[in-house]
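With these hints in hand, go ahead and build the complete structure from the sequences.
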Amino acid sequence: MKSFKLSIIALFVASASFAQVKDAKIEASKSMQVAPVEVKTPAAPVQSAIKWDQEIHDFGDIEKGKPVTYEFTFTNTTKETVLITNVRPACGCTAANYTKTPIKPGEKGMVAATFNAAAGGQFQKSVTITTTENGVEAVKTLSFKGKVLEPATDKKEEIKS
Numbered sequence: 004m005k006s007f008k009l010s011i012i013a014l015f016v017a018s019a020s021f022a023q024v025k026d027a028k029i030e031a032s033k034s035m036q037v038a039p040v041e042v043k044t045p046a047a048p049v050q051s052a053i054k055w056d057q058e059i060h061d062f063g064d065i066e067k068g069k070p071v072t073y074e075f076t077f078t079n080t081t082k083e084t085v086l087i088t089n090v091r092p093a094c095g096c097t098a099a100n101y102t103k104t105p106i107k108p109g110e111k112g113m114v115a116a117t118f119n120a121a122a123g124g125q126f127q128k129s130v131t132i133t134t135t136e137n138g139v140e141a142v143k144t145l146s147f148k149g150k151v152l153e154p155a156t157d158k159k160e161e162i163k164s
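The working numbering applies: residue 4 is where the sequence shown begins, and numbers increase by one.
I should point out that these hints are in silico values taken from the structure, not numbers from a laboratory.
A few of these clues could be false.
Derived CB-CB ranges, DEER-like [as the list claims (entries may be wrong)]:
{"id": "1", "residue 1": "Glu66", "residue 2": "Lys103", "range": "27 to 35 Å"}
{"id": "2", "residue 1": "Pro154", "residue 2": "Ala98", "range": "18 to 26 Å"}
{"id": "3", "residue 1": "Ile59", "residue 2": "Thr80", "range": "17 to 25 Å"}
{"id": "4", "residue 1": "Gly124", "residue 2": "Lys103", "range": "28 to 36 Å"}
{"id": "5", "residue 1": "Gln127", "residue 2": "Gln50", "range": "18 to 26 Å"}
By construction, the Cβ of each residue, glycine as well, lies at the ideal position given by its N, Cα and C atoms.
Here it is in structure tokens:
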């Protein structure tokens, strides 16, 4: 009976001590006030103002495994120098090259897209170009499409006599 009373007293003391710690944590969190923070989102890039000769190219029928390249050209129609800062193909089957020097007003620049087809069938791919125009980042998406044909095989048919 004595051990039972001691157990109840120990349980009472333990629960009382845990209750005080919990209240202290609540009081501490109530005393801390957090000032609201203003989250600034970066400005979305604007649409590019440079004049592209062609924005979509159709390769037509191409052979599987043989890379094809198209050169998208543009004219700087702004009043300031334009710089291509990033060219990002949409997938790993496309590689890109571009004019890396600043393009002055009235001058031409280019983005060359090389597509290497690994699978047959219709395709449509894109390349996203980021430029700096008039001190602002601008974006333009160019695309190309076509149909990939299986390579021709040189099988000779046997003629039955």
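Results for each hint:
no.	hint	in the structure
1	Glu66 to Lys103: 27 to 35 Å	holds (31 Å)
2	Pro154 to Ala98: 18 to 26 Å	holds (21 Å)
3	Ile59 to Thr80: 17 to 25 Å	holds (19 Å)
4	Gly124 to Lys103: 28 to 36 Å	holds (34 Å)
5	Gln127 to Gln50: 18 to 26 Å	holds (21 Å)
Going down the numbered hints, you'll see the structure goes against none, and every one checks out.
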